[in-house]
Amino acid sequence: MIRVVLPAHLRTLAGVNGEVKLDVAGPVTQRAVLDTLEAAYPMLRGTIRDHVTHQRRAFVRFFACERDLSHDLPDAPLPEAVAVGAEPLLVVGAMAGG
Amino acid sequence: MSRVRVLVGTRKGAFVLTADGKREQWDVNGPHFGGWEIYHVKGSPADPNRLYASQSSGWFGQLIQRSSDGGKTWEPVGNKFVYDGVPGTHQWYDGTPHPWEFARVWHLEPSLTDPDTVYAGVEDAALFRSVDGGQTWQELAGLRGHPSGSSWQPGAGGMCLHTILLDPSHPERIFIAISAAGAFRSDDAGKTWRPVNRGLTSEGIPNPTGEVGHCVHRIARHPSRPGVLFMQKHWDVMRSDDAGESWQEVSGNLPTDFGFPIDVHAHEPNTIYVVPIKSDSEHYPPEGKLRVYRSRTGGHEWEALTNGLPQRHCYVNVLRDAMAVDGLDPCGVYFGTTGGQVYVSADAGDNWTPIVRDLPSVVSVEAQTLP
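Sequences listed follow chains A and B, in order. If you're matching positions, the first sequence starts at 797 in the numbering used here and goes up one per residue. If you're matching positions, the second sequence starts at 11 in the numbering used here and goes up one per residue.
Bound-form chain A, shown alone (with noise of 0.2 angstroms):
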């Protein structure tokens, strides 16, 4: 089971309080963790990555296991800690705006 965090506000969006928890098939990816959050939640499609492209959107950042993996590639396996559900995958709001 993955466990995905939300930020507060696509935590209203989506009507969900806490973590999220997926079951993902295949490897854990990015891609397969939020083709998955974006089939069981499909209000959040384009919130989180654009809808065509699936470019993650410029304030939107990917953490887990006190790593920033915003830049990892989309395919890339995520920490073996997050694919066994021992930590979360963290979608952050970034801090921006003064």
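What the hints contain is simulated information worked out from the structure, not anything from laboratory work. Here the structure is a predicted model, which means the values were calculated and not measured. It cannot be assumed that every hint is accurate.
[As the list claims (entries may be wrong)] With a cut-off of at most 20 angstroms between alpha-carbon atoms, the simulated SDA-like pairs for lysine to any residue come out as follows:
| hint | chain 1 | residue 1 | chain 2 | residue 2 |
| --- | --- | --- | --- | --- |
| 1 | B | Lys-90 | A | Gln-851 |
| 2 | B | Lys-32 | B | His-293 |
| 3 | B | Lys-22 | A | His-805 |
Start from chain A and add chain B according to the hints.
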């Protein structure tokens, strides 16, 4: 007794203000979508409880929200705005080609007859339409594909399509306006378009009387006279009596003819309202006095409306979509400010009072008249 519902979009959420026909005691409901920019909220003329809201943020992009109960509850619908075909380029601020990039929805215009049909005016300028209640959106690409499209440039606020006027007497006719391309008209339901800017003069563009390039801020018209249009341009208040074929300046005795909104009295097609703003580099009322100006002659002759409005130390702005009228008699007039006030006049502008004083900066105001 009839009621009114005022839909307010702000920089940090949406608010729904309701009152009975006296328009004295108001219920304030909100914020909805707190923390998000709400550029526009508008109800369907065919079903007043069907509302659409444009919700966006710099972090998470664009969302469209839909309500079927007059704003009590909302559901997110489709937010996939993809330009038709290869997007191509328009001119950037420095004159270089710049790819069309979707930024946000500025204006939502529900169909006059079908609650599930709604138009969206977006930045970078394009017109989209949904016929399934906002679930999916298709671009009416003939507009952006006009031969002048590659020469359009953004205004300071971005290259936004901010005005959409549907014609009750001519269902195939649509007017739109873009900052800073100008006004366009379609007579075939959005398939093809042509600029309707003859008579506009804009200093500061290479050809001041060019076919396109004008920074139109807002166009309004009365539904009983859809061929008579009133325009607040960047500078100049303009009027067309021939559905945009030609324009004449009607700024008359206004203290300044810069401003953003313009609207028309619900029952007097020749009574119009503007809010003069000192200049394009100052964006606040002249002399620190917040004054609505009313013309009962369709322009040229204007009177200041000041009762109840701050007449000293007032430096707010009133944005292009932040003025509306209701359909009651006497006509109610509403506007919101960047200082967070929403003012109402229940007597066509003679007297004003704030409904709320301390909202986030107001972007848009719409008024609905309910049974």
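Now for the hints, and whether the structure bears them out:
1. Lys-90/B - Gln-851/A: holds, 14 angstroms
2. Lys-32/B - His-293/B: Distance ~33 angstroms between Lys-32/B and His-293/B Cα, so the pair is violated.
3. Lys-22/B - His-805/A: Measuring from Cα to Cα gives roughly 12 angstroms; hence the hint holds.
In summary, the one numbered hint that this structure violates is 2.
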